[in-house]
Amino acid sequence: MRRWFANMLCAIGVLLPWRLRVWYANALGWWAQGVYWLYTTLVKTIVKHLTAGNKST
Amino acid sequence: MKRLAVLFSGGTDSTAATALVAPEYDRLHLLTYRHSGLEHVENSRTNLAALQTRFGRDKFTHEIFDIDRLFKAATYADYWSGLRRHGFFALASCGFCKLAMHVRTIVYCLDHDVTEAADGANINMSHFPAQMKEVLEPLRDLYRQFGIRYTNPVFDYDYPENLDWFDKLGLRALTGETAAINPGHKGTTTGQLLFAQGILPAENVKGTALDRRMQARCFQLTLLNLFALGSYIPKHGMEQYRAETASFFKKKIDWFRVRLEEYRQRGDDSELARWIDR
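Protein chains in written order, with our numbering: chain A, 1 to 57; chain B, 58 to 335.
With the rest of the complex left out, here is chain A (with noise of 0.2 Å):
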């Protein structure tokens, strides 16, 4: 599933004129960081509040 998924993506890719790869690659790109910056944002809130619980008990 993982690797039709990335070569869907690549099929896209491969056809598309040069100034729409680019801007294709950079939303893909802005994607991926978007998705890495909730992760890691959700799971630093939750172990901030889980750190000052143990703090208090």
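Note that these hints are calculated values from the structure, not bench results. Wrong hints could be hidden among the right ones.
[To be verified] Covered by chain A, according to a simulated footprint, are these stretches of chain B (three or more residues, beta-carbon under 8 Å):
1) 145 to 154
2) 281 to 291
[Stated by the list, open to error] Here are the simulated DSBU-like cross-link-like pairs (lysine-lysine), alpha carbons at most 35 Å apart as the crow flies:
3) B:K129 x B:K307
4) B:K263 x A:K48
5) B:K116 x B:K129
6) B:K190 x B:K263
7) B:K190 x B:K116
8) A:K55 x B:K129
9) A:K44 x B:K307
10) B:K292 x B:K116
11) B:K292 x B:K307
Think of the CB as a built atom: it goes at the ideal place given N, C-alpha and C, for glycine as much as any other residue.
Based on the hints, put chain B in the right spot on chain A.
For chain B alone, kept in the frame of chain A given last:
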């Protein structure tokens, strides 16, 4: 006067390569390249300033060149036959970008009578085409054809681990453990070299705010990563990926070999000159 051209992004590896060889040369020409999708190229000046403080202002010249047309030419050189023969290797943007940088460096060296060139290529960036020994050798041969000696001073340096996920997520605050610094590496890293010379404030700045402030940001690698890490390598393995990459890039390098030779003979009347921004 002994001179060296350096492909200089301002990142840890190219800065370390520069710092390592700087005492051997009278003048280092630091060449930074800009193209579509590459943002904040001016960040390369951060480590330039640190190098100038360490080795002297007059030792360096720094120029930023636009290589958009060369990058595009590298991407679309024999595009359809490459796509038919090598499939999604046609998405190896990082390799095309670096190849365009090398071609522009050779042009710079020819124009300025510089006979030596270096970069921060490192063995540990294993899936990037221009960091592979199998691609670096034909590149070295390309430089040699034009009377230039091309070297990779930090090729065998060790690579730092990314900051531990445990640290990034602040989990050590929960467990009370102290941070593990570079738990996996065995030898000297380029970060350690720069830290020892007083150029970087810490041994491992990878993934930190400083790391983002000292070099350009580029997401063109997303497509290569999707193809290589998400599809090709899991199915065929690293060895086949390297062999196929080498075969693909050998053709691209030979394509530019012909055009560089024409540039040497015909100068501004050549096909290559149309893709060069000065």
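> Hint numbers the structure violates, sorted upward?
Replying inline: 8, 9 and 10
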